[in-house]
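S.K.: If you want the building blocks of each chain, they are given just below.
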Amino acid sequence: MINNSIIKIKIYFFIFIILVVLFIYVLYLYNLQIRNSPEYKSRARNVSLRINTIPAQRGEIFDRNRDTPLVINIDSFAVNIVPGEIEDNSFNSLISNLSRTLELDPEKIREKIPENYHKQYHPVEIKSGVSLTTINIIAENIQDYKGVSWNSKPIRNYLKYGSISHILGYVGNITTEEFQVLYNKGYDINSVLGKSGIEKYYDQILRGKDGIHYKTVDVQGRNIQNVLVDDLLPENGKDLVLTIDRHIQDLAEEALGERMGSAIVLKPSTGEILALVSYPWFNPNIFYDDQRVSAFRKAALDSRHPFLNRAIQSSYEPASTFKVIMTTANLEEELFPVNKTINCEGSAWFGNREFHCHIPEGHGDLVLHEALEQSCNVYFYTLGLKYLGIDIISDYARRFGYGSYTGIDLPGEISGLVPTPEWKERVYNTKWVGGDTVNASIGQGFLNITPIQMADMMAMIVNNGIIYKPHLLKQIRDSVTGELIEEKKPEIIHTSTIHQETFTTIQEYLRGVITDGTPKVVITTKAVDIAGKTGTGEVGLDDSWNAWFVAYGPVDSNPENQVVVVTMVEAVNEWEWWAIKAANIIFQGIFAGETYDEAIDSLRWGWLRNKRKPQ
Amino acid sequence: MKVKKLINIDLAVFFSMIILMIIGVMFIYSSGVTSTGMLISNEYIYQIVWIVSGLIIFFTVMFSDYLIFRKWSFYIYSASIAILILTLFIGKEVHGSKSWFGILGFSIQPSEFAKIATILFLSDYLVKKEKSIKNLSTFFLSMVVAFLPVIFIIAQPDMGTALVYIPIFLVVAFMAGVKKRYLFFLFFSGFQMIFFGMLPVWQRLIFKKDIKFVKILLTNDLFLILVGAIGIIALLSGIGYIFTKKKYFYWIMYSSFLSMVGFIGSLGIRFFLKEYQIMRLIVFINPGIDPRGAGWNTIQSLIAVGSGGLTGKGFLEGTQSHYRFLPEQSTDFIFSIISEEWGFIGSVSVIILFAIILVRGLILVMNSKDNYGYYVGSGIIIMIFFHVIVNIGMAIGIMPITGIPLLFISYGGSSLWTSLISIGLIQNIYLRRFRY
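Chains as they are written, first to last, in the working numbering: chain H, 1 to 615; chain V, 1 to 436.
Rather than coming from a laboratory, the hints here were simulated on the basis of the structure.
Be careful, since some hints might not be right.
[What the hints assert, rightly or not] Sample of chain V residues facing chain H (criterion: CB under 10 Å; computed from the structure):
id : residue
1  : I351
2  : A355
3  : I363
[As the list claims (entries may be wrong)] The following label-pair restraints were derived from C-beta to C-beta distances:
id : chain 1 : residue 1 : chain 2 : residue 2 : range
4  : H       : S149      : V       : S107      : 35 to 43 Å
5  : V       : L39       : H       : S90       : 21 to 29 Å
6  : H       : F23       : V       : K128      : 32 to 40 Å
7  : H       : F13       : V       : G240      : 48 to 56 Å
Backbone N, C-alpha and C define an ideal beta-carbon position, used for all residues, glycine too.
Working from the sequences, and respecting the hints, build out all of it.
M.R.: If you want it as C-alpha cells, here you go:
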C-alpha cells in the first residue's frame, strides 16, 4: 500500500478544486440571475411576444357631391395554411380539397408549402381575394380543412373607373424599393399602398394606422393563450372628398371620346379641378384578378401608354394658344402699338428662312386683336422677333406659370420647358438665333407645356393675375361619422404684376376670338358665352396636328361662376378640330346641366351618339 | 447487522441524493406541462419507477462488499464493452446516436453503465500495477483500459459521454500515482488536438478571413513538413538527452513530442467529428455567432436562467420552458427550468446539494480501508463532478453543449441507475472502512 497521507493530500486538493469550481459557478449564477436579470427578463418577454397587425380600413374616396363613393373596400379574405397543424398523411387530401374549393392548381399550392415548411407554425398565404361564400364552404366543412385558416384582406373596388382611374390611381403590395424608402413611416413589408394617383399622393391619410394584436408564441410560432398585453386597435383611414364632379368628369370623358389626349375643367377662382380626363385610361379592378400580372403587363406594354396621365404628365408645344401670352405681353409692355397694322402676305422671310402663315394667300393688314382672332402667324412672328424679343417672351411665359410645376396633388407631374438663349447654349451648345424667337412667338419650337399649365394660364387671365394651385382634394372626412376634418383652402401659386386693364383687354380679345375668329363655326353652344383660343401644333407628321382649345365661360360674370376648359387632342387622331368640338360639348353640358347625350341632342350633334364608352 | 449497517451509512449524502431526485421528478413533471397547463408527458412517472427500482439496486450495491465488484471487475468491464459493441449493431437510434439498447421494452444506455465498469476495472488494474506505477508502460496500458470503451462510444456517436472518460482516467491515474508529466502530456496534447481541430472550421464558417496557419493545417505537404520538423526536434533532443543527460533536452523532447501528438490528433478530430459537433464547441465560446442555429439552445437557456431572478417565476410558471423555447428540457436543460422557476435560490440550492455529495463523498472515500476504495471513490466523484459542471455549465453558457445529463435530476433510467450505483459504491466503501 502506498503512502496513505499522500492520497489524503490529493483528496483534499481535489475537494479544494471542487469547491472553487462550484463557487465560481455560484458567482456566475449570481451574475446571471441577480445582476443581469432585468435584461434577461425583458429578453424572455420579447422572444415569446410576437405581434400580428390588424389592418386598418383604407379610407373611401368621394367626388364633390359626396353622395356615392368612387372607391370602396370590399370584404375579401386570404386563405392560409399552417403547415405544422397538418398531419403528414393528410397533406394530399387537404391540397386536393383546397384546389377544388379555391379553384387553384394543386401544384401551385404545393409550391407554396415546400417540404421544409411542413413543420412550421407560421401561416402561409395560399390565395387572396377569396369571397365570403368560399370561406363559408371551408368553415362549414372545417374537418376537411384542418390547418386552414383565413383572415380578412379587403380589396379595393373602384366602383367608378374610366378616366377617373388616372385621378384615383390604384393600390398594390409594397415593393422592396418602396419599403426601403418608407420603412419608418408606418409601413411594413406586407403593406398595401397607393401606387399612383390620389391613392398614392394621399396614401398617408387614406391608409390609417394598422393596429397590433399581441400574442405569445412558443418556439415553433404556435399560439399560446393568456396574452398580457392589450391589442392596439387600428385607426381607420380617412375618407377623401375630391373636387371632381363626377357628372362633369363623365361629360368630359365622353366628349373627348376615344381620342388620345386630355381634357380639364378647372374652377379658376379656387383652383379646384372639376374634371380631369386623360385617354386612354385603365381599369384598376383588373389588377385584383387572378390574372392580375398578365393584365398589368398588357396595360403597361400598350403603346398608347394607358398609365400616362396626359393632363399632367405629357407636354406639348402650346402652338397658337401661346399668342394669348404674346398679346398680353405686348398689351402690357406696349412695344408695338395696338392699333398699328402688320401686313400678312402668307409668309415672311426672317434671315434666310421663309416662315409660313396657315393661310397661303395671307391675312392682309391686321391689328393686334385681329391677329389674335385670325391666329395670324406672320403678325406674331414680327411682333416676337422685332418688338418683344425672346427675353420678354420667356419672361411672360414664366409669369403665366409655364416651365414650373403647378403643384397639383397628383404624383408624377412634369414641368414642361420655357426656353431661353442661355438654356439653348447650355443644352445644344449652339447660339439662340432669330428663327428660334420666330418659332417661340407662335408657341412652337422648344416651348413645351402640360395641359394643366394651359388651364392655369387661362385661370390667370380670368382671375386678373392670380393662379390658385390646381387641386383635387376638397375635404378630408372621418370615415365613420363623416365629420369634416379638414377643408382644403385655395392656395395662390402665382400673382402677377400685370395691370388690371391688360387682363380686361385680353378677356375682350379672347371673346372676339370666339365670335369673329377661327373657331366660331364650331362653338355652337347657346348655353353659355365663352372666350378662348385654339392652337394646332405641328408634330412632324404630314397633315397631323396636336389640337388645343383653351376657353372659359361665362364671359360676363365673376370668376366664382366661371370655369376654364382645356381640351387637347393628340396628332394621331383624325379629327383635328376635335379639341374645339369637345369643349363645345363640355360647355353645353356644364351650363345647361346636361349629360353628354342630352348635350349632343341640344347641339344637334346626335350622330355622335354611337361613340359609347368602350369597355 | 444490516440494520446497524443502515445506521452507519452517511445520511448527508443519502438525503442530498434523495432531495435531488425529488427535485428531478418535480421538474421533469414541469417540463411535461405546456403553457396551457396541459400535461403532455408521463416522463415523471417513469422517473419515479426508475428511482424506486434504482434505490433497490442502490441498497443491493451498498450491502454487497465492493471487493466482490473488484473480483469481477474484469468481467463486468469486458461485458460492458461487449454490450457497447453490440449496441453499435442492434442499438436504437435516438437523436442521431445509436446509444440505446432495448431490453424488455425498456431502453438502456450501456455507455452510462460502462463508466462504472471502467472505473472498477481501471482501479483494479492500477492497484495491481502499484509496483510499476511510474512506468510509461503502465501509463499506456491503463490508458488503453480507460479509453477502449471510448472508441465504441465515439462510434455511436456520443461525444458528451465519451468526454467523461478523460477526467475519470486523469483523476484515477493521478490518485494511483502515475507520473504527473504523463498526465500533463495527455491533457495538453488533448487540448491542442481540440484547438487545432476546431481552427479550420472556425476560420471557414465564422472568421471568414484568411489565416495563413490554417492553410498549413489543411495542406497535406505543409502539414507533413510541420509535423516532421517538430518530430525531428523531438528526435534530436531525445538523442541529446541520451548522450548528455541534460534535463533541458528532456523537456524540449517532451514538449515537442507533445505538440506533434497534438497536431496529429487534430487531424483525427477533424476526421472523426462532424462539422456540427465542432460548431457546437465554437458556439459555446460565443453563442451569438449563430443565434438561430447552434447558438439557439445556449441563448434560450441563458434567457431562462437569467429571467429567473432571485426567487424565480414559480413552479410551473416558467415561460421559456412552457412555451417550448428550451430544447431537451427534461434531460440536458433541466437545470435551466429549475433556475427559471426557482431562481437563484433554487439553482444555488441544487449546487449546494451536489457540493454535499461531492465533498462529503470524498471525505467518505478518505476512510477507505484500501487503495482500491480510494481509486474507485475518486473516479466516481470526478464522474459526478464532471457531469455537474458540464451540464450546469452549458445551461449557464460557460460549457459547450455536449448533451450529458445532470445526474440524479435529469430524466433517464440509465443515468439515474448509474448515479445510484455510484453513490451505492461510495457508501459501500464507507461502510466497510473498519474491516481490515
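S.K.: Lying within 48 to 56 Å: is that true of the beta-carbon distance H/F13 to V/G240?
M.R.: Between H/F13 and V/G240, where Cβ atoms are some 35 Å apart, the hint is violated.
S.K.: Can the hint on V/I351 be confirmed by a CB-to-CB distance to chain H that is less than 10 Å?
M.R.: holds, 6 Å
S.K.: Verify the interface restraint on V/A355: the C-beta must sit less than 10 Å from at least one C-beta of chain H.
M.R.: With Cβ-Cβ at 5 Å, under 10 Å, it holds.
S.K.: Is the hinted range of 35 to 43 Å satisfied by the C-beta distance from H/S149 to V/S107?
M.R.: holds, 39 Å
S.K.: Starting from the hint 21 to 29 Å, judge whether the C-beta atoms of V/L39 and H/S90 obey it.
M.R.: holds, 26 Å
S.K.: 32 to 40 Å was suggested as the range; check whether the CB atoms of H/F23 and V/K128 agree with it.
M.R.: Hint holds: Cβ distance 38 Å, inside 32 to 40 Å.
S.K.: Grab the minimum C-beta distance from V/I363 to chain H and call the hint holds if it beats 10 Å, violated otherwise.
M.R.: holds, 8 Å
Figure legend: structure checked against the earlier numbered hints; the only hint not met is number 7.
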